[in-house]
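Sequences and hints are given; from them, build the entire structure.
In order, the protein sequence lines correspond to chains A and B.
Take numbering that gives the first Met the number 0: the last position of the first sequence gets the number 295, and nothing is skipped along the way.
Take numbering that gives the first Met the number 0: the last position of the second sequence gets the number 364, and nothing is skipped along the way.
FYI, nobody ran anything at the bench for these hints, they're computed from the structure.
Where is the CB? At the ideal position from N, CA and C, for every residue including glycine.
Take these hints with a grain of salt, some might be off.
[To be verified] Derived coverage of chain B by chain A (criterion: at least 3 residues anywhere in the stretch with Cβ under 8 angstroms from a Cβ of chain A; other residues may be distant):
(1) 61-73
(2) 87-95
(3) 99-109
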Amino acid sequence: MQPLLPSTPTSGGSRRPTVRAWVLLAPMLAWLLFFAVLPLGILAAYSFCQRDDIGRIVFSFSAANYARVLDPGYLRILGRSLAYAGATTAICLVMGYPAAFFIARRDARLRGRLLLLVMIPFWTSFLIRTYAWVQILKGHGLLNAFLESARLISSPVEWLYTPTAVIIGLVYSFLPFMILPIYASAEKLDRDLLEAAADLGAGPLRVFSRVAIPLTWPGIAAGIVLVFVPATGMFAVTDLLGGAQVPLIGNVIQNQFLQARNWPFGAALGVVFTVLFALSYALVQRTPRWERSAPP
Amino acid sequence: MSDAIELRGLSKRFGPVAAVDGVSLRVEAGELLTLLGPSGCGKTTLLRLLSGFEDPTSGSIWVGGVDVTGLAPHRRDINQVFQSYALFPHLSVRDNIAFGLRMQRVRPGEIDERVAEAVALVSLGGLESRYAHQLSGGQRQRVALARAIVPRPRVLLLDEPLSALDAKLRREMQVELRRLQRKVGVTTILVTHDQEEALAMSDRVAVMHAGRIEQLGPGEEVYHRPRTPFVAEFLGESNLVGAAVAAVEGCDVTLRTTDGWRFRARLPSPEAFEAGAELTLSIRPEKLRVSPVPLAGHAFQARVVEKTFLGASVRIVVEADSHRRLTALTSDTAAADAAVLGGTVHCAFDPADAVLVARQGIAPA
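Next comes the structure, spelled out in structure tokens:
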């Protein structure tokens, strides 16, 4: 398992963990076992079961649930979810990278304050903040009032319950998860390296692509994963801001568990997603070759 | 390929502070000039103005007769060896060195040739595939140097290039760096606070103080004929003596300090001094002779108050009757042995070794 946050080159090679290390690790390992491995195992087991007429689990092995995942209707929703999450991730990256880079280049005191601004939203419940967006986006909400008073529009625009509202809500919710890991990488990026590249004839664009991007890649990768994965499974934003007009895979899974009471099928959808994400994570979060090579 | 640099009235202010204050300077093609000064003297800012990372408040920079003042760093044919080396950690030695050539869009075949040539020049053969964290300090230094010279810049800037190395390696690299600079023939500006490095490596030394160049000239000249008290004290050690002109006879001037000590100095154009004029003179510690027996000529007796063994030489601080303290540096073991703490020694210096550094007095030391 790779660390989620940007890694630094380690020295010393592979030392055998001692008994004490295992004792110290025990609480965390227990936590992982009971709250990650076990539930996922149950989910995986359920996904191969069936349900009876009133929603109870019937323990008979069947791959039927997985066959149903491939139903064109679900594949369309799956595609749409990936598209929404992809768009959200792209927008977060384009907005978050310059912000993270800007913060990382400030002096220490200003850096702390700017980071605080990024994190302040976490102090309020996510649901309450999403309801606040309803107030902003609704017919006679803040956004329309502002646009009308600025004479940019003459009559209120329907923002709420549109794909735009969903994207706005998703970007709003996940932007900090893009900014923070990129900040962690950009903060460690030495100014001399950027200047050395410019000194050797690289224009701003090539300084960015040849030096800044490769050296902040661990942060970018972590940001992409931290935004893309939960954005795909998100159902609260699509419910509240999309008005169930644009169901995403998260809504479908939630439905299977809460309304349709088809846990085995919901579990199958969940397992498919978990595997997809594990694969994509392994792809983006590979330790770069230059960090893997051992010191002399 | 190599060009002269000219700075015309270059200034850089940060708010009310002038980091660089009206510097005018010409560096000849192929010359190695050192900017020497303590931290905060403006030498690093001057370097950043040259590389283009700072814009001057006023004045201009010319390279090979072309005004480059407004040009962005990547448009200047000026390459720098950074104090931190700033090697790209994600690139191998080979790719670090090739970086500048890739930016110039040199064709791949030529890049390979020139990188191989540079690798050989700085003796890094066999390490081409390593990454920076797999290299020693000296090896990193060589990579940084190869990376800076391989694009054949018009000017090479060296920012404290040896400060991260240990003393022995530093001395080796001084010689090595100078040899390479001569071989490549690139106009070079070296920034350092290390006077030994400055004297060992440069064609000329510019001593900087408070944003200005205090004195500019070949190392020997700046060392032996300092023109200001700052230069006399920063470059080597110095005994500064403030005194008034008592009498002028020919080239020799007799001086008297406020506490009554009289000595002679051989000054250029002594007729310019009137009796009573206040002057400051510098006497190098190694020019102050110390002896157990009376010395001929211009001698006086003094008490030994400090003695420090430095290896090749011994530093002896003496106090004359007037409570004036002077420092002597001697490699004469007999003289050093004779100097016992609290004992008396005979001291002398040649009048020609008392160098005028200011046309005003200083308070007696």
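Open item on the list: Quick check: do three or more residues in the stretch 87-95 of chain B have a beta carbon closer than 8 angstroms to a beta carbon of chain A?
Closed with: Holds, because 5 residues of the stretch 87-95 of chain B bring their Cβ atoms closer than 8 angstroms to Cβ atoms of chain A.
Task: Within 8 angstroms of chain A (C-beta), three or more residues of the stretch 99-109 of chain B - done: n = 3 at 8 angstroms, threshold three: holds.
Task: Claimed coverage, the stretch 61-73 of chain B by chain A - three or more beta carbons nearer than 8 angstroms - done: holds (count 3)
The structure agrees with every numbered hint stated previously.
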